[in-house]
Every structure is written in C-alpha cells, then in structure tokens.
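A.B. asks: Given next are the chains, with one letter for each unit.
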Amino acid sequence: MAEILVLVDHADGAVRKPALELLTLARRLGEPSAVVLGAGEATDAVAATAAEYGAGTVYVADGAEFADLLVVPKVDALTQIAKEKGVAAVLVTSSGEGKEIAARVALRLGSGLITDAVELEAGAEGPVATQSVFAASYQVKSRVSHGVPVITVKPNSAAPEAAPAAGTVETVTVAFTGNAAKVVSRTARVSTGRPELTESAIVVSGGRGVGAAEGFEVVEKLADSLGAAVGASRAAVDAGWYPHSNQVGQTGKQVSPQLYVAAGISGAIQHRAGMQTSKTIVAVNKDPEAPIFDLVDYGVVGDLFEVLPQLTEEIGAR
Amino acid sequence: MTLRIAVCVKYVPDATGDRGFADDLTVDRDEVDGLLSELDEYAVEQALRISEEADDAEVTVLTVGPDDAKDALRKALSMGADKAVHVNDEAIHGSDVIGTSAVLAKALEKTGFDLVVCGMASTDGTMGVLPALLAERLDLPQATLLSEVSVEGGLVKGRRDGDAATEYLEAPLPAVVSVTDQSGEARYPSFKGIMAAKKKPVEELELDDLEIDEDEVGLAGSWTLVESADARPARTQGTIVTNEDGDGGKQLAAFLAAQKFI
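Those sequence lines, one after another, are chains A and Z.
Letter by letter, the first sequence follows residues 1 to 318 in the UniProt record's numbering.
Letter by letter, the second sequence follows residues 1 to 262 in the UniProt record's numbering.
Think of the hints as simulated: they come from the structure by calculation, not from any bench.
Be aware that a few hints might be false.
[Said to hold, decoys possible] Using 20 angstroms as the maximum straight-line C-alpha spacing, the simulated SDA-like pairs for lysine to any residue come out as follows:
1) Z:198 to Z:25
2) Z:110 to Z:2
3) A:141 to Z:94
4) Z:192 to Z:49
5) Z:157 to Z:114
6) A:221 to Z:261
7) A:286 to A:258
8) A:141 to Z:49
9) Z:250 to A:195
10) Z:260 to A:17
11) A:279 to Z:236
12) A:83 to A:141
13) Z:250 to A:305
14) A:85 to A:2
15) A:141 to Z:125
16) A:141 to Z:22
17) Z:250 to A:309
18) Z:250 to A:212
19) A:286 to Z:25
20) A:182 to Z:161
21) A:85 to A:172
22) A:141 to Z:34
23) Z:106 to Z:207
24) A:85 to A:182
25) A:141 to Z:229
26) Z:260 to A:317
27) Z:192 to Z:202
28) A:17 to A:95
29) A:279 to A:169
30) Z:157 to A:185
31) A:141 to Z:202
32) A:141 to Z:124
33) A:141 to Z:25
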C-alpha cells in the first residue's frame, strides 16, 4: 500500500492535535508513516501516539541541529526519508514553519506543492486538495501534477480518529546540509491555559469596539465560560490591546471553529479572511450597519459590555 | 562597500475588490484593480530602514508580473527604493510558486545582492513560501517571518514569533529574510518621492535574458493543477435582534442553547 509520510509536530512529549488530524487524513490516501524529529527530548510517547493514530512505521531522528538551526535540518530529514522510502505523498501541518519546510522539501524532490488544504481526498491521479481562497470566497480543488505530492493541511481540517497500527520505530541518521540561519535563543510561549486558537472548537474574538486592553476582560470571561480560545481583530492588535499571536485574519490566524463569536468587530475583509469558514457565526456590535452582520447566523445589535456579561452569566447558570 | 538590498514584491488584485478566477483558472487580473501587495510594503519599509542605518546601501525592488505590475514597482520606488527590475514575459502567465521562485532566483542572481527582503506572504496566493524557496534555490540561509530585523557586522539578525515560541535568529550575509506585518508601519510616499520615482531606472527583463526555458514556467511548467475554482455560496444573514430591552445576552444564550453550544 502507498506510504504517506506525515511530519508529526510535538511539544512537551505530546503530539500536537493537527498532527493527529494529518495521520487521520493520510489514511484516506494510503498507509501513514510518521516522522518524529527531536533534539534530545524523549519521543517514545510521541511515537506511541502516532502508532495509535495509524502510523505503521515511525521514523525517529534526533539531533541538536533540529533545535539550533532554522527549517533546513527538518527539510534534510524529510527529504532523505521520502527519497529512501519512495513515499507516495508528504503531509505537513500548515503553520509558518510547516509551510516553509514543505516548500523546500517539494523543491528538493522535484515535486509540486499545495499549501493550506482544508480537505484531502484520494483521486485517480493522486490526492485532491481543497483550498479556501480570496478571503474564503472561493473553493479551489487542485492536485500535484509532478513528482511526489507535498501538501500542507490547516489545523481543524479533520476530526482525529484513532486506528491503532504497528508503529514500528526506525531510527534515522540524517545527513545535514547546512546553510541555515542559527537559532540564537528560543523562548516558549507562555500558555494561557486556554485552547489553541486554530485548534479550538469555539473562538470568541474582540475588536475595535472593545475599546481598550482592559476591555478584553469581558471577552476572556465569555471565552472561559464556553471553554473557548480568545481571538482579536487586527485593529485591536495594532492598538496594542491584545497579543499578535491571537490575531484572527489574513495576516494572523485563520480559524474554522464550530462557533465563532465576534464582539465589537466590524468585519473588514482582512478579518473575514480569517474566520469566514466557521460553522456558526454570531456577532455583537453597536453598529447595525457593521458588515459582520451580513455573515452571521445570529446577531445582537447592542453594547458588548452589556450583552457579553449577560451571556456569560446565562451560561454559568445553565 | 555598498550593501545591496533586493526586495521582492508582488502586484496583486486589490483584496477589497471582487476577486475571482479567469477561464484558465488563473487569478483574474483584469476585473479587479491591482496594486503593490500590502504585505510587501513592510518588506520595502524594512529594506529602507536597513539602508538608512548602513553607511552605503542601495535598494533594488524586483517583481515578476505583467505590464501593470510596473505600478507596484513605482509605489516601492516612490517610498524610496533606488531602482527596479521588472521580469515581464507572456510565457510566465500561470506559473505556480515553484516556477515563480525559479524566475526570481535568476533575476536576483543577475541583479546581485547581499540581502534579499520579502514580505511574509502575498495577499492573493497567501502561501508564504516564496522566501524559503528562494533560500533553497540560492543556497542561502533563510531568516524568515521576522517581526524585527537588523543588519550588523555582516550578519542579519531578527526575531521570529512562531506559534509555539519566539526565536532570535542570526545568519551571515548574503541571506534571505521575510518580514511580517508586525515589523513596523510602512511609510507613505511623499510628493517628492512620487516625483523622484518617475525618473528612477526600471530594468526590463524577459526569460531569454535570464536563460530560462519557456517550458520551465507558465501553466505548462506548473507542477500543480487547479481542477476547479468555485465561488462559495455567500453566507446568508440569520436572525438579528437588538439589545433595546436589555436582554440581548439572554436572547443570544437561547440561540446558543438551541444550537447545543451551551
């Protein structure tokens, strides 16, 4: 059966959720193999999880290079394994780094590249990827027509499903090629305890209408009552009210949750590009003419500082 | 020694327009006005700031695109870039990012550079992989997705804010960098800048000048194939209520409960 290579992102000894989604999607195309790259940390649990989600083989490579140098060592590893094993496709999570890795792997393999797939299906001539483009106003279906398809897939594109497989661990010694930027220091992002923005089933976002950094308290309280991630529009981020890592929009994160709550967000194209594919959208905005209301399943015209706390209270009472 | 900075920019359909696809499933560049990709303005800005910090520097802005792409170059020149290179060849139409990176890499080699600066992604394709592909093709270090960048003593340094961590990067020149929209507000062209831009040199190049075969680029040379592009049905407006009676939160809660979210 065709071998589908999946780069498995992991942190603190655990597989990140988008990688489980990749393994799940890979099973539609063939038999998944996982690639687990580490710089000294224990990866046994990561390999075991990959096996639980369908990896027949887990290729494990270890080297300080993976932490000390940007992107290139991971490209070296993935390219080497893809060539040696003659895989049928390579799947990587769509993150800033994931896309850069995939692009360079594609070039080295002489392969076409598709990024930001939101759906992946087996086709007669190879995997067919669906992408959501032009601020999610178009759906494009495309495939790689040259070489081994290299495809990056956005988080939340599939529900992870366990399907235990052998997960035979194969240790790989990677020949590094060098000429990479040095990572001089790395500071892990401090966890807020809230779900990851791109992975969360519910997202509550605040915009210009929140008015100040302190105003985000009502947004956060609602988010916590729903077990949701917190997002912010570019206007709120540019004003310094909320961190850029939480920005939803074209130049921030693109989210596609089950429920998106937009509070005090007008709904400019820049923002819509990041949330338009959400399943259910609700909005609270003072301005009845705000374009966000064109998209919503339910909208409340009113002051978010009245509506959000009341909603939070109602949720708490249930 | 002059620090030679090359900025790669893209001419894109205005994101606020009604963007769509042409019959050959390439991006329709006729129906919607084009402009310098907003995210590339940050690249031009950082290149100008680096050049202002250097003793002696020259900023060249490059693009691959049709005739109208000249507008994007003019904008960058009016912001303060010194000269421009326009690769314009009918055969390039329909190239995917792999093909475009081949053309840009050759144009960069021909132009000469110590530092390549790119934006984080284009506002039309939004892939964000061109800088990495240029680094691969030119066999140079990539220091990409930087929210801060500087050049000191033959090194480019910067801060990369990733999903999981913030990293400080360092690479010797020559190198390829890309900068995010957090790197610093781009300047507006001054009247003087706009007037001066009209006299700045724009070099025109075709594929022959870069010794690239026509079949390496364009739709035929593309390694990806678009099978269909369909407009997504517009979302239809649902229920809109007002908070006039002070019960907006309760009404919203009832909706969310009916949808089984709470």
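A.B. asks: Confirm or reject each hint.
C.D. replies: Cross-check of the supplied hints:
no., hint, result
1, Z:198 to Z:25, "violated (35 angstroms)"
2, Z:110 to Z:2, "holds (17 angstroms)"
3, A:141 to Z:94, "holds (16 angstroms)"
4, Z:192 to Z:49, "holds (18 angstroms)"
5, Z:157 to Z:114, "holds (14 angstroms)"
6, A:221 to Z:261, "holds (16 angstroms)"
7, A:286 to A:258, "violated (24 angstroms)"
8, A:141 to Z:49, "violated (41 angstroms)"
9, Z:250 to A:195, "violated (25 angstroms)"
10, Z:260 to A:17, "violated (24 angstroms)"
11, A:279 to Z:236, "holds (13 angstroms)"
12, A:83 to A:141, "violated (27 angstroms)"
13, Z:250 to A:305, "holds (14 angstroms)"
14, A:85 to A:2, "holds (10 angstroms)"
15, A:141 to Z:125, "holds (14 angstroms)"
16, A:141 to Z:22, "holds (15 angstroms)"
17, Z:250 to A:309, "holds (10 angstroms)"
18, Z:250 to A:212, "violated (25 angstroms)"
19, A:286 to Z:25, "violated (40 angstroms)"
20, A:182 to Z:161, "holds (15 angstroms)"
21, A:85 to A:172, "holds (12 angstroms)"
22, A:141 to Z:34, "violated (25 angstroms)"
23, Z:106 to Z:207, "holds (10 angstroms)"
24, A:85 to A:182, "violated (30 angstroms)"
25, A:141 to Z:229, "holds (6 angstroms)"
26, Z:260 to A:317, "holds (15 angstroms)"
27, Z:192 to Z:202, "holds (18 angstroms)"
28, A:17 to A:95, "holds (13 angstroms)"
29, A:279 to A:169, "violated (39 angstroms)"
30, Z:157 to A:185, "holds (12 angstroms)"
31, A:141 to Z:202, "violated (37 angstroms)"
32, A:141 to Z:124, "holds (16 angstroms)"
33, A:141 to Z:25, "holds (11 angstroms)"
Of the numbered hints stated above, those contradicted by the structure are hints 1, 7, 8, 9, 10, 12, 18, 19, 22, 24, 29 and 31, listed in ascending order.
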